[in-house]
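S.K.: Here's the letter readout for the chains.
There are 4 protein chains.
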Amino acid sequence: MYKVAIIGASGYTGAQLVQLVQQHPSLTLAGTYVSENSADAGKNIGALHGNLAHVDATLTPISNEILVALTSQVDFIFLATPHEASHDWMPTLSSGRAKVLDLSGAFRLKDTAVFEQFYGFAHTQKNSLDVSVYGLAEWHEDKIANASVIAVPGCYPTASLTALKPLAENGLLDANVRPVINAVSGVSGAGRKASLTTSFFEVSLHAYGVLGHRHTPEIEAYLGTPVIFTPHLGNFKRGILATITVKLAPNVSQSQLDAVYQDAYNGKPIVRLRDSFPKIDDVAHTPFVDLHWKLDEASGYAVVTAAIDNVMKGAASQAIQCLNIMTKQPVETGLVL
Amino acid sequence: MYKVAIIGASGYTGAQLVQLVQQHPSLTLAGTYVSENSADAGKNIGALHGNLAHVDATLTPISNEILVALTSQVDFIFLATPHEASHDWMPTLSSGRAKVLDLSGAFRLKDTAVFEQFYGFAHTQKNSLDVSVYGLAEWHEDKIANASVIAVPGCYPTASLTALKPLAENGLLDANVRPVINAVSGVSGAGRKASLTTSFFEVSLHAYGVLGHRHTPEIEAYLGTPVIFTPHLGNFKRGILATITVKLAPNVSQSQLDAVYQDAYNGKPIVRLRDSFPKIDDVAHTPFVDLHWKLDEASGYAVVTAAIDNVMKGAASQAIQCLNIMTKQPVETGLVL
Amino acid sequence: MYKVAIIGASGYTGAQLVQLVQQHPSLTLAGTYVSENSADAGKNIGALHGNLAHVDATLTPISNEILVALTSQVDFIFLATPHEASHDWMPTLSSGRAKVLDLSGAFRLKDTAVFEQFYGFAHTQKNSLDVSVYGLAEWHEDKIANASVIAVPGCYPTASLTALKPLAENGLLDANVRPVINAVSGVSGAGRKASLTTSFFEVSLHAYGVLGHRHTPEIEAYLGTPVIFTPHLGNFKRGILATITVKLAPNVSQSQLDAVYQDAYNGKPIVRLRDSFPKIDDVAHTPFVDLHWKLDEASGYAVVTAAIDNVMKGAASQAIQCLNIMTKQPVETGLVL
Amino acid sequence: MYKVAIIGASGYTGAQLVQLVQQHPSLTLAGTYVSENSADAGKNIGALHGNLAHVDATLTPISNEILVALTSQVDFIFLATPHEASHDWMPTLSSGRAKVLDLSGAFRLKDTAVFEQFYGFAHTQKNSLDVSVYGLAEWHEDKIANASVIAVPGCYPTASLTALKPLAENGLLDANVRPVINAVSGVSGAGRKASLTTSFFEVSLHAYGVLGHRHTPEIEAYLGTPVIFTPHLGNFKRGILATITVKLAPNVSQSQLDAVYQDAYNGKPIVRLRDSFPKIDDVAHTPFVDLHWKLDEASGYAVVTAAIDNVMKGAASQAIQCLNIMTKQPVETGLVL
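Residue numbers (UniProt numbering), protein chains in the order written: chain A, 1 to 337; chain B, 1 to 337; chain C, 1 to 337; chain D, 1 to 337.
Note that these hints are calculated values from the structure, not bench results. Don't take every hint at face value.
Once the Cα atoms are required to be at most 30 Å apart in a straight line, the calculated DSS-like pairs of lysine-lysine come out as [stated by the list, open to error]:
#1 D:K193 x A:K193
#2 C:K294 x B:K294
#3 D:K294 x B:K110
#4 B:K294 x D:K193
#5 C:K43 x A:K193
#6 C:K165 x C:K294
#7 D:K193 x C:K43
#8 C:K268 x B:K43
#9 D:K193 x B:K165
#10 C:K193 x D:K110
#11 D:K268 x B:K294
#12 A:K43 x B:K110
#13 B:K294 x D:K143
#14 B:K268 x C:K268
The structure presented is a predicted model; accordingly, all values stated were derived computationally and were not measured.
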């Protein structure tokens, strides 16, 4: 059994991690932490997340002493923390035997100038950034297996890259026309906090972060080509549907396209190649990415849609996939029951 | 044309009043006000409420000078303000020719001890309280017609009293068994503010204010008998459905019950006696109260359900009904188009 | 007062038309009709649509005699009927003094080969098709004013064309990159009928009609350039949000783009140029189209979003706009109150 | 490992059973069946229920031969079938070594006159009815352990009885005032089928089955006292919230009430006694019943709310609980992970 600590357990991703660790056959929950001044310190996690009312896990305020102690006391540390906290704590947390899985955006972008532009503060943890591995589980398995610091991908990039990488890696994209990614996320993507924007009455489908969202450079960095990415807030709790329109290189056929996806995801149980365009609820509360695609051979345009649960494959369950890879277990262990 | 000012125009009720005043054939909007320190001061109302993007109405910060000026400059003042503000300002606002329609709870309970228990502060405006009239439009028409201060009823009491008063006024209730009122409200009932409770992810049907909600004494005061009232928060934006279970006096028949409702609401166009149990969406965005009922003659228990839009009949459109009565216009003027 | 008949009044569009005719100052409802064998024949419309419970309008089964009679008895006939019915009845209905506003797709496509491909039956009403005018109210005002048969545009084309025509008409689109239209529609778009697809439990955001929806040729015909259009079903009742990504011609600036939209919609009260990306609920239950756009000058890509209520501007209220134009009334009469 | 067959696997309850059997450590899925003429025959279950897209389970049309064969080939047969089918097939199905868990209403009411009144057909399987055991897992454990036929309780009765039995069994209910049960169910309760009533646009909170729902006699039979039960349809997919108002016997205190619930559910891991009134989403996708209560000592009225997932504790997971009891495993095996 591996010992696991979760820092930032009060949020939606943290609570999901608690649930996944509970149901995982080789993980044991060693501690759940919240920020030092959190109003939730001392509460049981079930007081915040009613679905976990049967779970015995106290939210302990984090401290520098605890950060240091965890590096030798546990095997894995999950950070479901603000970007700044992950950034500042990483050198300490990664200094011992514990491996760190960071679900914030602090270590996803290797280019610190781009990072500063999109995250609003300078990146000063160059060493941690150098060793961190981008945890896109289906594509970076070898590197993940040997990493000590994992930057778990963002929710939109996970959906977008799973759909687009088979095309990019096989040279199927027309170089002159950018892929257009339209994605709709459930409200959990905004995190657990009081805000007028995510107030029930105010939520209604709309675009945001247009032509400037911080997941754009993340997608571009790991795809290797520029894209147009437009996120939307939808009136549902969990899930992302990404609808991606691409112009393909000349003369690609539907059967070639099919083969590319089948090759890419053969033996990858978390990616489900579907017979029809997936719904959000097909993947809600699951670890899966569902993909379906269609090509208009006459024009060379294709549409691919990818559905994920943003709290699961877009965050918590992808972190567990990485842990499974790091511990040489089947990638779906504790996820597909 | 009557001149109207709306104080507290930034909230859901205030915005609804703006829309209703705009569409009313004999009302003109003289001013829209927000609290002195509101972050919304100076904005156009459409910046807060996208549905009003075409309306030209600036949110002006209220001040004591404006309060005084309004009493002579306009004919009607709507207060969609916190209880405390309505309480404190009423003597000033009701000192001139303007009539005041208060949508807060400040002047609904005549018993100041009960008021203090449920609202948390002492009522010190005895004179205003004495002259205020409870604006339950279908039941207090004569008093409303001559009032200078209207306490517009709460949303839950409006639904509950419309359903129960025909029974109580006709002596049909069993005196030994309390009416049980279960009501579910849309999230707009909680007002426009950032709050974890009304955050989209957190909203899911549940009871609140059990055996202690401040609308209980309001219902009891205007019904004349104690009730058990259990409010719930539902996952929708607008509307209240109140399901009311009563034990009737011995030997009441279904046809007697039908007659009592028909008599009570004959000539009352805002109350619709339906052929089946109404849905929330039958009344959302409308001024109507929809009623339907059924009696089990064997046991003497009956179930009545009442559906309203809490922002409309539960607040704004009932205030307009009162104004229509005060100006001798048909009660549905500007409401049923 | 103009006399109006509505054929197909039992559906969502028909019921919306009834409500709009009721509130229009110069229209009177002369009759509401359903198909000859409809199970709803003889019912009051309020029995089907609870929001209209106060309306006195019986659903009369249509017959050939009635069709003929209507052409001389009323001024305007609204067809909220299946494509086949509109197609078959049009010669009869348009043979008298009554003008016809058809909300089906029967007369939108002038190219009968394309029509047959996308609608599945041959178009045999060449004369009616020749005289019919596409009722995109903000763009075809002159033709609408003199038309006897209006093909009211589809919901998706209305949103898409309102967003794209200012760009196309001003030559701002890059000719080598197709506009990408992603749109999400509420469930009312599927019509009022029992279907597993639109059953509450089954509805969850997903793409459909990918690279083959019949609104694609409609958009292309009235835009004058090919597009990639991907519709989605969303988990809400009313509204469409279209998110449109375009590559602009070289060197277009944000201020040029702004000017183009302002010029296009100056004096058009139904189109609201917004300061931020609109939400579905900003336009639900309203006749408006809300537009907002943003350009990335570096890449030349721009994103425009358009929000409409599919039952209103996407169907019923646009039909009323056309009627207002045909009767020389301000276009927003009876719509913006 | 126990072999399990599921008849009626195409519906929501059937699909949930498939998922629960998959994740159960001591169950193996031997077959999934649909009705003989089902349009879904031959499909994989994932084609109907996208969340199960990774599951390999073909929907086989049932036949008399299969019914007979199953009785010797499997250990447990789950019937997620219409009442009539369960009624007709039970003698055959229960004639071998297989034990039968029936999720229909066919064997819940021992009084065949009442059964006929509420189910609309005569009960002719007297022997099966005599041996069947009502599978309310927390209350009938001993009988369930030795049963060969389980009548899995209805969804509303499960929520209602879990809340009320501690009061009734301890003589705390006032005999002269009926408990009032108001419950709201998600749309999955209506089953997987095309219907205008459960069409997305039509669903909006309303009461139905008032003073005549077939779950009323089921609740009364197993509670031992008459109740007033009013079900509602809510605009969500899964879950039931039952809000129950009772008048207690004289002089019951809050601490007595607390003790009664704690005693009743001590050592019952599926019932969670909560610190606050539960939300639907606290239990959605879980096997739990969440309870909370409050007493007004002055009046003697108390309010109890019970939340369950109707597809889980209201159907599938309660059936698994029964199976766990029948196989001497901890009741939460395969349910609480």
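S.K.: Compare the structure with each hint and give your call.
M.R.: Here's how the hints hold up against the structure:
1. D:K193 x A:K193: violated (38 Å)
2. C:K294 x B:K294: Violated: K294 (chain C) and K294 (chain B) sit about 56 Å apart, past 30 Å.
3. D:K294 x B:K110: At roughly 28 Å apart (the allowed maximum being 30 Å), K110 (chain B) and K294 (chain D) satisfy the hint.
4. B:K294 x D:K193: Judged against 30 Å, a Cα distance of about 29 Å means the pair holds.
5. C:K43 x A:K193: violated (49 Å)
6. C:K165 x C:K294: holds (16 Å)
7. D:K193 x C:K43: holds (25 Å)
8. C:K268 x B:K43: Status holds; Cα separation ~23 Å.
9. D:K193 x B:K165: violated (41 Å)
10. C:K193 x D:K110: Not satisfied, since the Cα-Cα distance of roughly 39 Å exceeds 30 Å.
11. D:K268 x B:K294: violated (39 Å)
12. A:K43 x B:K110: The hint is violated at about 41 Å.
13. B:K294 x D:K143: violated (39 Å)
14. B:K268 x C:K268: Distance ~39 Å between K268 (chain B) and K268 (chain C) Cα, so the pair is violated.
In this structure, the earlier hints numbered 1, 2, 5, 9, 10, 11, 12, 13 and 14 are contradicted, and the remaining ones agree with it.
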